[in-house]
Every structure is written in structure tokens, then in C-alpha cells.
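Visitor: Single-letter residue listing:
2 protein chains.
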Amino acid sequence: MTGIAYEDLTPGQVIDLGKTEIDRDEMVAFAGRFDPQPFHLDEEAGRNSVLGGLCASGWYTASLWMRAYVDHVLAGSTSQGSPGGNELAWLAPVYPGDVLHFQLEVTGKRLSQSRPNLGLVEITGTADRGSDRVLRFSFVGLFGTRGEG
Amino acid sequence: MTGIAYEDLTPGQVIDLGKTEIDRDEMVAFAGRFDPQPFHLDEEAGRNSVLGGLCASGWYTASLWMRAYVDHVLAGSTSQGSPGGNELAWLAPVYPGDVLHFQLEVTGKRLSQSRPNLGLVEITGTADRGSDRVLRFSFVGLFGTRGEG
Chain U
0 MTGIAYEDLT
10 PGQVIDLGKT
20 EIDRDEMVAF
30 AGRFDPQPFH
40 LDEEAGRNSV
50 LGGLCASGWY
60 TASLWMRAYV
70 DHVLAGSTSQ
80 GSPGGNELAW
90 LAPVYPGDVL
100 HFQLEVTGKR
110 LSQSRPNLGL
120 VEITGTADRG
130 SDRVLRFSFV
140 GLFGTRGEG
Chain C
0 MTGIAYEDLT
10 PGQVIDLGKT
20 EIDRDEMVAF
30 AGRFDPQPFH
40 LDEEAGRNSV
50 LGGLCASGWY
60 TASLWMRAYV
70 DHVLAGSTSQ
80 GSPGGNELAW
90 LAPVYPGDVL
100 HFQLEVTGKR
110 LSQSRPNLGL
120 VEITGTADRG
130 SDRVLRFSFV
140 GLFGTRGEG
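Chains U and C, in that order, are what the protein sequence lines are.
So for the first sequence, numbering that gives the first Met the number 0 puts the first residue at 0; every next one is plus one.
So for the second sequence, numbering that gives the first Met the number 0 puts the first residue at 0; every next one is plus one.
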């Protein structure tokens with residue numbers, strides 16, 4: 000439980016969200032339910048695509064980033080969800096066994112005009128495989144202020 | 000199997016992706032694995048949040064849109080994945096039992112400079128609950144041309 004509130008997030012701040020290894024079975028099961036394109040389900044179809052091999056649905060990679068964000072930042076925080084973002088970039092294919100390093104950077108913040116006990120925090124989330132960035136996602140997180148309890 | 004190729008997608012075109020009802024059990028299970036925030040897991044926590052009730056992870060709603068997109072457009076198409084998008088907006092909370100109407104509109108297209116047998120198609124995906132839009136997502140889809148086989 001992080002106890003993080005709006006006041007604890009500062010532009011320029013970088014937060015490490017740990018590393019996650021891509022589990023092949025879960026990756027393929029996710030694709031089977033939500034994104035059953037051949038290159039997300041089958042080794043040979045992946046090799047025959049521009050993606051170069053069996054690879055993760057981008058929604059799976061983003062969802063894994065989200066879990067790390069909950070574990071490291073949102074759990075026990077004043078988070079009130081998100082209205083969305085203005086960039087979701089799948090920069091390179093993600094393969095089974097890849098180890099992704101998740102981080103976020105706070106890029107801006109402001110209090111809500113209509114709800115003074117709520118703040119909007121601009122965040123860019125990233126996933127890196129070694130020195131290769133594979134995911135970048137910029138969004139707004141809503142956080143309650145500590146002041147108003 | 001739609002057999003859709005780059006040539007079949009035209010700016011202005013709207014494609015119906017059908018309707019999906021939000022299953023409470025799957026919605027909560029998805030959140031438990033990928034987005035375990037209290038308002039995605041628990042009725043009372045949802046009521047006590049600005050979201051107004053137990054509601055879906057935005058990643059679940061987006062993943063359901065993706066599945067409808069695969070079923071109605073990508074299956075058997077020349078799709079080669081997506082480099083991402085420039086907007087992912089969760090416009091309103093989505094609750095168990097909601098029936099979402101998924102659609103897409105083609106907003107632009109051009110051939111790849113580096114790979115002439117590949118095209119970039121700009122797409123805006125939407126989910127509507129009745130007259131309320133709950134999701135909007137703008138992204139680029141990569142499609143092979145039929146000409147180059």
C-alpha cells in the first residue's frame with residue numbers, strides 16, 4: 000500500500016515499476032480471448048509476418064504495465080482512475096521470455112477546476128527490453144489530494 | 000474470414016463491429032490480474048469512488064473492442080499489426096451488464112514509403128452504450144496490399 004496522493008507526484012519524477020518476464024502461456028491465452036490474430040497465437044504465423052515471430056498482443060503488454068503500476072503506485076493510493084491518454088505506442092514486438100522493465104515519469108500536474116480535492120497527473124509509462132523501448136503510453140491519472148481527505 | 004486488404008479500406012468508411020455485453024465475472028477477473036484497483040473489484044469501493052460503482056478496467060473495455068475488431072475485420076485479412084495510436088479515451092465508466100456497441104471509422108490511409116506492399120490505415124474505434132460514447136481510440140493499422148500478394 001503506497002499511500003500516494005496527488006501531493007506526492009512531482010513533474011520530472013521517475014518511478015521504477017520493476018521487471019516482468021513474458022509468460023508464453025498467459026500471453027497466448029490473452030490473445031486467444033482478446034486478440035486472436037495468427038501472429039499472436041502461432042509460432043510459424045509469427046515468423047511469416049513482419050513481426051518476426053510469435054509475439055504478444057499490444058493490449059497484453061499494456062495490461063502487464065498497468066499491473067506493475069497498480070502494484071508500485073496505485074495500491075492504497077488516492078487514485079480515482081483515468082480519463083485516458085494521448086499516445087499508446089507499440090514500438091517493437093514483444094516475444095515470450097522477454098524481460099520488460101517498466102517505469103513511469105510524471106510529466107505534469109494540475110488541480111481539477113471543478114473538483115478542488117482532485118488532481119490530474121500527466122504520466123508517461125514505458126517498457127524497455129534491455130536498451131530497446133517496446134512500449135510508451137502517455138495518459139492522465141486522477142488522484143485525490145491528501146488535504147481534503 | 001474477411002479477406003480484407005489495404006485496398007478495401009477507404010477514408011470515411013464506417014464498419015459495425017457488433018454489440019458485446021459486459022460480463023461481470025470476466026470483468027472482475029481481468030481486473031484481478033491486470034488492474035486490481037478497488038473500484039474494479041468491489042461494489043462498495045466502486046460506489047465510494049468518483050466512478051460511481053463497480054466498473055471495468057479501461058484495458059478490459061479496450062480489449063473487448065479489439066476482439067470485436069478481429070472478428071469483424073482482421074480475421075483472414077492482410078493485417079500486420081499496429082504501431083499504436085495517438086488517442087485512447089475512456090470517456091465514461093463501464094458497468095457489468097452494459098451492452099456496448101463497437102464501431103470503427105477509417106480516417107486516412109497511405110502506402111508505406113519503405114515497404115510498398117504495406118499500407119498504413121488510420122482508424123478511430125468507438126464503443127457506445129446507447130447514446131453515450133464510453134471509449135474512443137485512434138490508431139494506425141498496418142495492412143498488406145492485395146496487389147503484391
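Just so you know, these hints were derived from the structure itself, not from any lab.
Glycine included, each C-beta is placed from N, C-alpha and C at the ideal position.
Hints are not guaranteed to be accurate.
Listed next, with one range per pair, are the computed distances between beta-carbon atoms [as the list claims (entries may be wrong)]:
(1) Gly-107(C) <-> Pro-82(U): 35 to 43 Å
(2) Gly-11(C) <-> Asn-116(U): 42 to 50 Å
(3) Pro-115(C) <-> Pro-115(U): 39 to 47 Å
A few chain U residues facing chain C, derived, Cβ under 7 Å [stated by the list, open to error]:
(4) Asp-34
(5) Pro-35
(6) Pro-37
(7) Gly-51
(8) Trp-58
(9) Ser-62
(10) His-71
(11) Val-72
(12) Leu-73
(13) Pro-82
(14) Gly-83
(15) Gly-84
(16) Asn-85
(17) Tyr-94
Visitor: Each hint should be assessed against the structure and marked as holding or not.
Guide: Structure-based check of each hint:
1. Between Gly-107(C) and Pro-82(U) the C-beta distance comes to about 25 Å, which lies outside the given range of 35 to 43 Å.
2. Checked against the hint of 42 to 50 Å, the C-beta distance between Gly-11(C) and Asn-116(U) comes to roughly 44 Å, which is consistent with it.
3. A C-beta distance of roughly 55 Å is found between Pro-115(C) and Pro-115(U), which places it outside the suggested range of 39 to 47 Å.
4. Because the smallest distance between the Cβ of Asp-34(U) and any Cβ of chain C comes to about 5 Å, under 7 Å, the interface hint for this residue holds.
5. Proximity of Pro-35(U) to chain C holds as hinted, the smallest CB-CB distance being about 6 Å (cut-off 7 Å).
6. At its closest, the beta carbon of Pro-37(U) sits 9 Å from a beta carbon of chain C; the interface hint therefore is violated under the 7 Å criterion.
7. For the restraint placing Gly-51(U) at the interface with chain C, the shortest Cβ-Cβ distance is roughly 11 Å, beyond the 7 Å limit, so the hint is violated.
8. The beta carbon of Trp-58(U) comes within 5 Å of a beta carbon in chain C, closer than 7 Å, and the hint placing it at the interface holds.
9. For the restraint placing Ser-62(U) at the interface with chain C, the shortest Cβ-Cβ distance is roughly 4 Å, inside the 7 Å limit, so the hint holds.
10. The beta carbon of His-71(U) is not positioned within 7 Å of any beta carbon in chain C (closest approach about 12 Å), and the interface hint is therefore violated.
11. At a threshold of 7 Å, the smallest CB-CB gap from Val-72(U) to chain C is about 11 Å, leaving the interface hint violated.
12. For Leu-73(U), the suggested interface contact is upheld, since its CB lies about 6 Å from the closest CB of chain C, less than 7 Å.
13. Given hint, Pro-82(U) at the interface with chain C, holds; its Cβ is 6 Å from that chain's nearest Cβ, closer than 7 Å.
14. Residue-level restraint check for Gly-83(U) holds (minimum Cβ-Cβ distance to chain C is 4 Å; threshold 7 Å).
15. Among the interface hints, the one on Gly-84(U) holds; its C-beta lies about 5 Å from the nearest C-beta in chain C, closer than the 7 Å criterion.
16. At its closest, the beta carbon of Asn-85(U) sits 6 Å from a beta carbon of chain C; the interface hint therefore holds under the 7 Å criterion.
17. Taking 7 Å as the C-beta cut-off, the interface hint given for Tyr-94(U) is violated, the closest approach to chain C being about 13 Å.
In summary, the numbered hints that this structure violates are 1, 3, 6, 7, 10, 11 and 17.
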